[in-house]
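Top to bottom, those sequences are chains A and B. Numbers 1093 to 1620, taken from this note's numbering, label the letters of the first sequence in order. Numbers 10 to 551, taken from this note's numbering, label the letters of the second sequence in order.
These are calculated hints, taken from the structure and not from any lab test. Heads up, a few of these hints could be off.
[What the hints assert, rightly or not] Below, a sample of chain A positions facing chain B; criterion: calculated Cβ distance under 7 Å:
id: 1; residue: Leu1100
id: 2; residue: Leu1104
id: 3; residue: Ala1239
id: 4; residue: Pro1242
id: 5; residue: Arg1244
id: 6; residue: Ala1303
id: 7; residue: Val1307
id: 8; residue: Phe1310
id: 9; residue: Ser1346
id: 10; residue: Arg1349
id: 11; residue: Leu1355
id: 12; residue: Tyr1367
id: 13; residue: Ser1534
id: 14; residue: Ala1536
id: 15; residue: Arg1538
id: 16; residue: Glu1594
[As the list claims (entries may be wrong)] Cβ-Cβ distance ranges computed for the label pairs, FRET-style:
id: 17; chain 1: A; residue 1: Asn1521; chain 2: B; residue 2: Ala210; range: 43 to 49 Å
id: 18; chain 1: B; residue 1: Ala519; chain 2: A; residue 2: Ala1583; range: 49 to 55 Å
id: 19; chain 1: B; residue 1: Phe23; chain 2: A; residue 2: Gln1318; range: 34 to 40 Å
id: 20; chain 1: B; residue 1: Glu45; chain 2: A; residue 2: Leu1354; range: 15 to 21 Å
id: 21; chain 1: B; residue 1: Asn201; chain 2: A; residue 2: Gly1326; range: 26 to 32 Å
We treat Cβ as the ideally placed atom computed from N, Cα and C, and that holds for glycine.
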Amino acid sequence: MRPGLFWLLALLSPSVLLLVYLYQLHQLEQYHYYPALLLAIGTLVWTRWDRRVSIPDGALALTAMILALPLLLAGLVLWSPWLGAIAAVLVFAAFCLSHRERNGRTLLPIVFLAVMLIRLPLNLDRELTVWLQTKTAGLTSYLLDFAEIPNRLTGHVFHLASGELFVETACSGVQSVFTLLFCAVLIVVWYRRSLWSLPIYALAAITWAAAMNIVRVFVIAYSREQYGLDLSQGWRHSLLGYICLALAVLLLLSTDRLLRILLYPVREESSTGKYQNPAVNTWNWLFDVADSGSRQIKESLRNTPRTSKSLRLAFSSLAIIMAVTLIPQVWGAVQAFRTTLAYAGTEFWQPSEDTVKQATTDLVVAKYESFANKENPALGEHAHVWTCSLDKVGVTIVVSQYPDVHDLCECYQYNGWVLKDRNDRTDSNTDWAFSSAEFSNSDALRGYLIFSTLNSDGSPRRHNDLQTILRNRFVDGRKSTQTINIQFWVASETPLDRDIIERLEQLHLTVRDALREQLLTAGKERGI
Amino acid sequence: MIYRKTAAERLQSFASGISSLLNPLNLWKTLEGLIEFRTPGWALARVKAAKPEAKPELQHWINPVYWLWWTGSFALEWLRTRPYLNLPLAIPSVIVLACVVGVIGMARGQRKASRTAQYQRMLTNLVDQSDYDRAQIVLSAMIDMDPENVGLRYERALMCERQADMDRAAEQMQRLVASNQFAPAALWLITNTIDLKNAGAWDLPTHYRFRALTEVVLAEGKASERQKAEMLMGSYLLAINAKKDAAKYLGDAAMRNPELALPVAILHNEFGEKAQSKIFAEIARAHFEQKLVAAPADVTLRKDLGRALALLEKEDLASQVLIEGHKLTQDDSLRVLAGEVYIYRVLRSREESGNAGLLSRLVDIRSALELASDSQTVVDEVINVLFECKNSSSSDIVAMRNALAKGLDPKALHFVKGTLALFDNRFDEAKRELQLATADGVEMPGVLNNLAMAMLQTENTDLASALNLANVANDLLPEHPYLRDTRGQILMRMQRYREAVPDLEFALKAQEIAKQAHAQLAVAYRALGNDDLAQTHETLAK
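Start from the sequences, fold in the hints, and give me the full structure.
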């Protein structure tokens, strides 16, 4: 098999899963930079590659190719676009390791850009943004105090005289951090900075993302309090966001200049005289790209690939096996596409206003409200709220939709509630989990939360333990990632009796079953 | 012909002018030079040069002197070989980084005390500016820092009160009481959410709530708060007509708190416990006299001292204290009270000596009239005394009576004459005199009531006008049994029985007119078809 055909088959083999993965990535706001990333990868390969095609060269390239196959097969069996995307990156890495620039360097640095496509496992991406959000909110509060703007920060929510200000949606994060990380990697790759300096660039990107988030929130709060100008919504908010992002990119470029100066090679001439200085040598080896490049040229000339016929045969077989997986991939994608079509229009699910009344007579409904498209940012994308009472206890029932899995306990913690106790249980009849949690806050109020999560196809969701997180990350490819949270919330001055909590839990199970029934009926009507 | 440039041409020449001005600055080249990374000369030469030195050998690697030498020379060389010329573009990141690090450092290093002081300063400024919304936020932030600080939470609740958000204030005060047994909050709740005047009409939970809150203040409060709670408890007991309990409760409290001695003395006096009354009046007198030295122009203090002296049967001295106060402050209420003090002696005389003391009562009432002819109490008592001596033939008394009548102002005189005529069943005369007393829109409930009563008794009278007068009198002095009785009688005459019943039932509270009210109620209930009740009232009327 010709090397060109081999690479064509190898690179195309995970393409369907990759496309599905990109579609899923598109649903997440913080990864919206991926078109620019793909464009940058394409441009870099096109402009740098010497156009000489060769089969996998070197141990690293071979390892990457060999690892890609089981990952691709696992992705196919489990229908996990995430695994497919990792396989695609590995194949691309093998390609880059095997091919050269015109000056003899490998295309390896471009792989780091491709890695930016892969979501961090175990929700680490979300945890990073939330951690940053917490830190930046605290510092912004300090700055507002410094500017004598009265403010109170509870979790991620600022209480100002003019109203509440959410640091982004209370449950999202610092959106620009991943965009800036992408910019940092692009600078390193594009300007051929030393790959050893990549962690420093990443750290700088995170720092500037945090700094600009502080600036953004501060400006919004300050302008609202001092001038009555609301920059937290509409085009003004978008403009401010883009200005901050642009400033962060400029700061990143400035940091690049600073790092170039700091990491510049050290002159060897005046060391000990007779013998080389190992400290200087190590420094230059790490950070002198010109030096390592010339070394790589020499190495590449020394190691011209001489592959045997049997190895060529093995690679050809590998490429064919990988290419064969395209057929089930396409079939799976069609299935996924049909599901997506069936779900079209369900982004805003409208349960019946009478759901609670019909499900139970114990709860007296006083009010029903519906919020679409983040009208109430504390309640997710779309939400339906019933204000009820059980005897003399005020109960708020909220059904809220999120584009991804959402742990409501965390959301309440971000809103200033302190988690006192949490109890995760599963209804043995339906294998549907529900959580019961108790909170307190600085106003000496007690909060009681009972919640369950549904997938948008009506299938119940289990607890967010490690196993479930991994399973969801690997397996849920064909399903919509949208989730629906059903919560009962009580804020009380005095502790609730155990009897009341148990009754609330029972009522929660009743109401959630009724809601699920409605969702399933709606799904059947749509042919899901 | 003068050539004039078009607008486009003018703009073009302006742009070229600006451009020619900027040309010498060589902006583009300056910018290019700024962005360009200048490689130092040694680095350019280095690429061509071969590495001159040999690699270190084992003896060098194991020699610590070499380690130091390598590290030192590396550090020195590193500092010497930085391409510093390229620094300008890096400066923004250095500055912003320094700012970020500075903010983090200051935020982390800021002590709780200094932050609290900053908040306190902001709070004071905002309260001075009456910006309670912002002050409320600052207080909440302070509470977040120090959640156990009950004082701050109390402050925040008071801030709600300043914002006129009484519901929220009450809710927060309630929470402070429930979770911290905080006495000031309990006291606030008693004074702001409980209507003590209507304690008689409270439901059971309100009674329980009042008592629970008072208990909190008495158990947890400071001395001043406890004193207030004791007074409130006394007022409560009085309001629910538990006067004996009130006297006992306040009596105990008054031994610790002389402020309470006067109400206790008044209560004992009401019960006819003169000796007890005098003990507490004496405590009150000593307390108020001491305070009066420091504040001689304090009107309330003088009034209280006057009352205490009156209870000690030292009416002349009481009057003197009040008149001195009036001279000092020109406060008319002191003058009026100085006159009314004599009425107290009149009442006491009537109670103790009956008809025997009529002459002395006339003397006292004259003194009262001289000081407070505008006091309804005094005028009422003048009528009583005149009525008392109506049948007396003693020349002294007649002379005194005439002198007394002359001492009244014309309107009061008409009122007295009208009222006396009413008592003598001379209704037409009574009506005439009382109409003169109400001329110029005088609205005194007693006058209006008596006029309405006179009108009721005359023939072919306008009952609607009489009812109107009775209504005004009742509006001016609500829940007075005599006034309600008058209105009830008018309504009975108008055959509006259903409306008359509540008034007549209220009138039953006054023993003197209870029989008459029962008789009227019997008629009303019979007319309304309720024979059982009518029968009951008939029996009671007998």
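Quick rundown of the hints versus the structure:
1. Leu1100: violated, 39 Å
2. Leu1104: violated, 40 Å
3. Ala1239: violated, 11 Å
4. Pro1242: holds, 4 Å
5. Arg1244: This hint holds: Arg1244/A lies near chain B, its Cβ roughly 4 Å from the closest one there, short of 7 Å.
6. Ala1303: Cβ of Ala1303/A sits 5 Å from chain B, so the hint holds.
7. Val1307: Not OK, violated: Val1307/A not within 7 Å of chain B, min 10 Å.
8. Phe1310: With Cβ-Cβ at 10 Å, over 7 Å, it is violated.
9. Ser1346: For Ser1346/A, the interface hint holds, since the closest Cβ of chain B sits about 4 Å away, which is under 7 Å.
10. Arg1349: Check passed: Cβ of Arg1349/A comes within 4 Å of chain B, closer than 7 Å.
11. Leu1355: Nearest chain B Cβ about 10 Å off; hint violated.
12. Tyr1367: holds, 5 Å
13. Ser1534: Holds: closest Cβ of chain B sits about 5 Å from Ser1534/A, inside 7 Å.
14. Ala1536: Cβ of Ala1536/A sits 6 Å from chain B, so the hint holds.
15. Arg1538: Interface hint status for Arg1538/A: violated (11 Å vs cutoff 7 Å).
16. Glu1594: violated, 24 Å
17. Asn1521/A <-> Ala210/B: 43 to 49 Å: At 55 Å between Cβs, range violated.
18. Ala519/B <-> Ala1583/A: 49 to 55 Å: holds, 53 Å
19. Phe23/B <-> Gln1318/A: 34 to 40 Å: holds, 38 Å
20. Glu45/B <-> Leu1354/A: 15 to 21 Å: Since the Cβ atoms of Glu45/B and Leu1354/A sit about 18 Å apart, the hinted range of 15 to 21 Å holds.
21. Asn201/B <-> Gly1326/A: 26 to 32 Å: violated, 43 Å
Hints 1, 2, 3, 7, 8, 11, 15, 16, 17 and 21, counting from the list given before, are not met by this structure.
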